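Fit chain B to the supplied structure of chain A, relying on the hints for placement.
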Amino acid sequence: MKDLDKLINPGDRPSRLELGQLWSGELDPEQAKVLGERAQAQPAAQAWLESLEEARDQAPAFDAEILRKRAFRIQDDEQREVERARQAAAPKPRVAWWSQVFPVVGAVAAAAVAIVVLVPPAHQPNTRDRHQTPYTAPGVKGNGGIEFYMLRGDQVHPGSEDELHWDGDRVQFSYRTDGESTLVLLSLDGRGDLNLYYPASGDEPVPVVPGERRMLEGSIELDDAPDFELILAYFGHSSVAEVMEEVQAIHDEEGREGLLLLAHDYTDVDSILLRKGETSPGAGGP
Amino acid sequence: MPPTDTELQVLYAQYAPVIHRRCRSILGNEEDASDAVQETFSRVIIHWESFRGEASPLTWMYRISTNYCLNRIRNRRSRADKRHVHRDDIVSTSFERGGQLWEQEDTARRLLDLADDQEREIVIHLFFDDMTREQAAQQVGVSVPTLRKRLNTFLARARKAMESDGVALAAGAVVVLLSFLPLLLSLGGSP
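Protein sequences appear in the order of chains A and B. Letter by letter, the first sequence follows residues 1 to 286 of our numbering. Letter by letter, the second sequence follows residues 287 to 477 of our numbering.
Calculated from the structure, these hints are not laboratory results. Please read all numbers here as calculations on a predicted model, not as lab measurements. Heads up, a few of these hints could be off.
Said to hold, decoys possible - Cut-off 30 Å, straight-line C-alpha distance, at most; resulting in silico cross-link-like pairs (DSBU-like, lysine-lysine):
hint: 1; chain 1: B; residue 1: Lys-446; chain 2: B; residue 2: Lys-435
hint: 2; chain 1: B; residue 1: Lys-446; chain 2: A; residue 2: Lys-6
hint: 3; chain 1: B; residue 1: Lys-435; chain 2: A; residue 2: Lys-6
hint: 4; chain 1: A; residue 1: Lys-6; chain 2: A; residue 2: Lys-33
Claimed, not checked - A few chain B residues facing chain A, derived, Cβ under 7 Å:
hint: 5; residue: Pro-303
hint: 6; residue: Arg-307
hint: 7; residue: Val-323
hint: 8; residue: Ile-331
Stated by the list, open to error - Below, a sample of chain B positions facing chain A; criterion: calculated Cβ distance under 10 Å:
hint: 9; residue: His-306
hint: 10; residue: Ser-342
hint: 11; residue: Thr-345
Here a beta-carbon is modelled for each residue, glycine too, at the ideal position from N, C-alpha and C.
Next up, chain A with everything else stripped away, as it sits in the complex (with noise of 0.2 Å):
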């Protein structure tokens, strides 16, 4: 390993805001002048600047629209964040222990009847209500939603849910949606785990371009988790840990089905059921 210190700039070399600063033009003419001389006496620097002449291709294409709505969602998390903190630390008035206890005995007493009477034995889902009119947001169903290619060993081919999956297949997506402008791709495999794949990191959705079908950059390698790998793909939502949250929701309640039913019944969910077969095929399986 290298020793650390020596990586630091001693002062010798421009850093890389500067740099930046030299390349975009924000310096004057004489300030880009002594700081461009520099540069080109060192070869990092020299690398550096390239770097960036080539990430004008490699940013996202400017898009106003994405950015404002972007804008207006941080705005609105900040407020309601305030307003969160504001309730939190707002004093709580004083009150008589009895004036508290008396409502509350009250309430539970009526709850329990009301459970006894009115709620049928069959399990009820806590987060949509799938008996109420699915909703209808700009669809992804029909020949949008995601599809799959799969690499196992050099050979590449469109994936299917009719074959089976082992550990070690290359699985990339591709998705089509007609409106929405997020995703977030998560799975949940045999051993009951959820797993994120989209976004990587962080907890906000891929963004995703309306229109003609498109592939989703990278690819994710199925581990050895038995029986199953459910992909879910959720568009148009603006949080990943409210997405993380109903998915395990109808899980704990309705495991594996649940989450089938959902991507059936909902256009802004859809999924793929991965079956993982027992044996792996370089272990002398089909």
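Chain B in isolation, oriented as in the chain A frame:
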């Protein structure tokens, strides 16, 4: 008064590649880097009035994108993902040019994993932004001696962790070699 699309587009052409390249080196993948660009420019829209008065718009954007990166790293650390999402295109393009540059970024990303919240910002400015200690101290808002002290404590811990990684790797190699020893001996003894 929010910026017009044209104003925004001009800024975007000028700065988006810089923010994208920087965040890609810190976060290590395209998807997060692209998201960082969108987050930064969305905040430009929100703070447009004060942003217009900035002497160095890029310095302002650096602050925003640093916060974004720190949040991402924190979330990534707290969310254990059992499988690796492959991102082949980054690895291949980065090694082709400026291998030394990439090696430094790779080392710095390992440092980020070892750092706590306070130390990460220092690591970002020193090892990704290639700032001097003085410049980094100014960005973080601490004195140079304070930064030096925090850095030394952190680097001592990081060195230890990285060395123990190396020891574990070497030990693994010895175990593998030993497991092949009977085979090697039998081959050596055969006529």
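A quick look at each hint next to the structure:
1. Distance restraint check for Lys-446 (chain B) and Lys-435 (chain B): the Cα-Cα separation of roughly 17 Å lies within the 30 Å cut-off, and the hinted pair is therefore satisfied.
2. With a C-alpha separation of about 17 Å, the suggested pair Lys-446 (chain B) and Lys-6 (chain A) falls inside the 30 Å cut-off, and the hint holds.
3. Between Lys-435 (chain B) and Lys-6 (chain A) the CA atoms are separated by roughly 16 Å; this keeps the pair inside 30 Å, and the hint holds.
4. The suggested pairing of Lys-6 (chain A) with Lys-33 (chain A) holds, with an alpha-carbon distance near 28 Å, which does not exceed 30 Å.
5. Evaluation of the Pro-303 (chain B) hint against chain A yields a held restraint, the C-beta minimum of about 4 Å falling below 7 Å.
6. Nearest Cβ of chain A to the Cβ of Arg-307 (chain B): about 4 Å, under the 7 Å cut. The hint holds.
7. The beta carbon of Val-323 (chain B) comes within 6 Å of a beta carbon in chain A, closer than 7 Å, and the hint placing it at the interface holds.
8. Interface restraint check: Ile-331 (chain B) against chain A, minimum CB-CB distance 4 Å, threshold 7 Å, status holds.
9. Checking His-306 (chain B) against chain A by beta carbon gives a least distance of about 4 Å; that is within 10 Å, so the hint holds.
10. Against a cut-off of 10 Å between C-beta atoms, the interface hint on Ser-342 (chain B) holds, since the closest Cβ of chain A lies about 6 Å away.
11. Nearest Cβ of chain A to the Cβ of Thr-345 (chain B): about 7 Å, under the 10 Å cut. The hint holds.
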